[in-house]
Amino acid sequence: MGKIQKKGVKGAASNFITRQQALTKLQVTLADFRRLCILKGIFPREPKNKKKANKGSTAPSTFYYSKDIQYLLHEPLLAKFREYKAFAKKLNKVLHKGQYSTANALKENNKPVYTLDHIIKERYPSFVDALRDLDDSLSMLFLFAKMPADNQIKAEAVADCRKLIAEFQMYVMKAQCLRKVFFSIKGIYYQADIKGQTITWIVPYQFSQAVPTDVDFRVMLTFLEFYRTLVGFVNFRLYNELNITYPPKLEEASGYNLEEAIVTPTTTTDQDDSANGIDEFVSTTNDEEDNDTVTLRKIQEASNEVSNLQNLFSKCVFYLSRETPRYALEFMIRSCGGQVSWDATVGANPPYPESDERITHQICDRPTVSNRVLSRSYVQPQWIADCINARKLLKPISYEPGKVLPPHLSPFVEAKEGEYVPGEVSESDKEEETAEAENEEADEAAEKEEKAERDEDEYERELKAEAAGVTFSEYQEPTEKAKKTPSKKRTAAEIEEEERKEMATVMMTNKQRKLYGKMQYGKQKKAEEVAKLERKKKAIKKSQK
Numbered sequence: 001m002g003k004i005q006k007k008g009v010k011g012a013a014s015n016f017i018t019r020q021q022a023l024t025k026l027q028v029t030l031a032d033f034r035r036l037c038i039l040k041g042i043f044p045r046e047p048k049n050k051k052k053a054n055k056g057s058t059a060p061s062t063f064y065y066s067k068d069i070q071y072l073l074h075e076p077l078l079a080k081f082r083e084y085k086a087f088a089k090k091l092n093k094v095l096h097k098g099q100y101s102t103a104n105a106l107k108e109n110n111k112p113v114y115t116l117d118h119i120i121k122e123r124y125p126s127f128v129d130a131l132r133d134l135d136d137s138l139s140m141l142f143l144f145a146k147m148p149a150d151n152q153i154k155a156e157a158v159a160d161c162r163k164l165i166a167e168f169q170m171y172v173m174k175a176q177c178l179r180k181v182f183f184s185i186k187g188i189y190y191q192a193d194i195k196g197q198t199i200t201w202i203v204p205y206q207f208s209q210a211v212p213t214d215v216d217f218r219v220m221l222t223f224l225e226f227y228r229t230l231v232g233f234v235n236f237r238l239y240n241e242l243n244i245t246y247p248p249k250l251e252e253a254s255g256y257n258l259e260e261a262i263v264t265p266t267t268t269t270d271q272d273d274s275a276n277g278i279d280e281f282v283s284t285t286n287d288e289e290d291n292d293t294v295t296l297r298k299i300q301e302a303s304n305e306v307s308n309l310q311n312l313f314s315k316c317v318f319y320l321s322r323e324t325p326r327y328a329l330e331f332m333i334r335s336c337g338g339q340v341s342w343d344a345t346v347g348a349n350p351p352y353p354e355s356d357e358r359i360t361h362q363i364c365d366r367p368t369v370s371n372r373v374l375s376r377s378y379v380q381p382q383w384i385a386d387c388i389n390a391r392k393l394l395k396p397i398s399y400e401p402g403k404v405l406p407p408h409l410s411p412f413v414e415a416k417e418g419e420y421v422p423g424e425v426s427e428s429d430k431e432e433e434t435a436e437a438e439n440e441e442a443d444e445a446a447e448k449e450e451k452a453e454r455d456e457d458e459y460e461r462e463l464k465a466e467a468a469g470v471t472f473s474e475y476q477e478p479t480e481k482a483k484k485t486p487s488k489k490r491t492a493a494e495i496e497e498e499e500r501k502e503m504a505t506v507m508m509t510n511k512q513r514k515l516y517g518k519m520q521y522g523k524q525k526k527a528e529e530v531a532k533l534e535r536k537k538k539a540i541k542k543s544q545k
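In our numbering, the protein residues as written are 1 to 545.
Hint data in this document are derived by calculation from the structure and do not stem from the laboratory. Just so it is clear, CB atoms sit at the ideal spot from N, CA and C, and this is done for glycine as well.
Calculated lysine to any residue pairs in the SDA-like style (CA-CA distance at most 25 Å, straight line): (1) Lys538 x Ala390; (2) Lys315 x Gln362; (3) Lys451 x Lys464; (4) Lys154 x Val215; (5) Lys180 x Gln197; (6) Lys90 x Asp32; (7) Lys195 x Pro247; (8) Lys403 x Gln380; (9) Lys154 x Leu91; (10) Lys249 x Met147; (11) Lys121 x Ser139; (12) Lys80 x Arg123.
DEER-style ranges, computed between Cβ atoms: (13) Gln20 x Glu323: 54 to 64 Å; (14) Pro125 x Glu498: 54 to 64 Å; (15) Ala492 x Val413: 32 to 42 Å; (16) Val219 x His96: 27 to 37 Å; (17) Glu498 x Lys518: 17 to 27 Å; (18) Ala86 x Thr115: 17 to 27 Å; (19) His118 x Leu393: 42 to 52 Å; (20) Glu241 x Ala493: 52 to 62 Å; (21) Leu78 x Lys392: 52 to 62 Å; (22) Tyr352 x Gln209: 28 to 38 Å; (23) His118 x Lys89: 23 to 33 Å; (24) Lys50 x Phe217: 26 to 36 Å.
Assemble the whole structure, with the sequences as input and the hints as a guide.
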């Protein structure tokens, strides 16, 4: 007979460790433990049975995996944290003695310095893993780039954030990988496609930010420290793949400029080459299965759509008025192959002046525009975002200054089957409305012709009955019966579909039949709601005419 297993040796009691036990094991303070967990990507866990994990105690505790804490024991940053504590003690002693020159020498020569390079390599073994975790990193960097520097947020951290996001935006503009844009209350949402990975981030509007006092910036600054290192690594790799020197030359006055940093000119013909290759491949595989052909067609359509979006503004020359947000519009226009200039009060060294005859579109955000040029279109900033989301150049007449803009719909919402889609009044909608009106007129004309033919036939039958000696009452009886019971002929396909549904319902269990009934009830309710909204939409359109 084996020995009786001691309590707390195996199972949840050994798999989990409380935060206090972890602090004792690592010999660090709570602040350093939090920093270490954030940098290493370790977070609290929730055991199934807290009482067993806490060895019989019911006191509220925060639990971690024991293996994660064991993993932290070998972290080089632990030694750096301890060195920094010793350095801080020495510095305090020197400052209390009033030896300020010695304190400055200690800061310059003996302050411990550490890097997070090894942590980036551990947490992201491949480049694709780093791209997948880039959403929060970019949102955090864009947030702190707009923050004012103070005692908590250092000026060098804000400057580094601005440099990193400018480098990333330059890559997106050069690679032309921007896919979606949405102006929201919180800020501007962007979505880019980099190496097959969809990256979405938010950029706050450029207003003066008031730093809140009730936010603990210590945790956020630890995340920021890690994200700065991560985005720096990602930018280096992305620039290296485009054969662009890193870091690029940033012009302090006129913002960012990539042209001088390019070693070999890169073009966007990769997508075109791949599309041509797909065309050739499709032409040589006509004898293959239909499913493969459909898949290749989808790939080809997606490739053509991306190529069209990359060159969406290639034939347009834009000018930004001084009231428009240059930091957002320039990024969107250049990401889709357009040329852009701006007012001298917005930024130094604009590429061309407002009087340039090449300008095709001028973006304004004011009710009226004086001194209009007939050869160019005047639009509001929403036109740029709507064109990118629609993958085509929309008619600028609905976006002229002073006009009520069409609804700015989110491109990130995908409508499910049967749901109401609040489509904007675009040219396609107008074409559909005109087509529906023409169809209605044609149907009315056809009905009139059919009615006239029926009346003629009825008159001929009456004449024949009168010639045959049939009385009026005898003639009316069969016709009235025919009118009371109109025959509705159903097609063979409709009859077959109805029989199939009945057979399927019969074969269901009672539970499945109830569930199916609930599903059909929900679909019917959705259809009624959609029809109600459509009726409201048509009524509003009629009232506006």
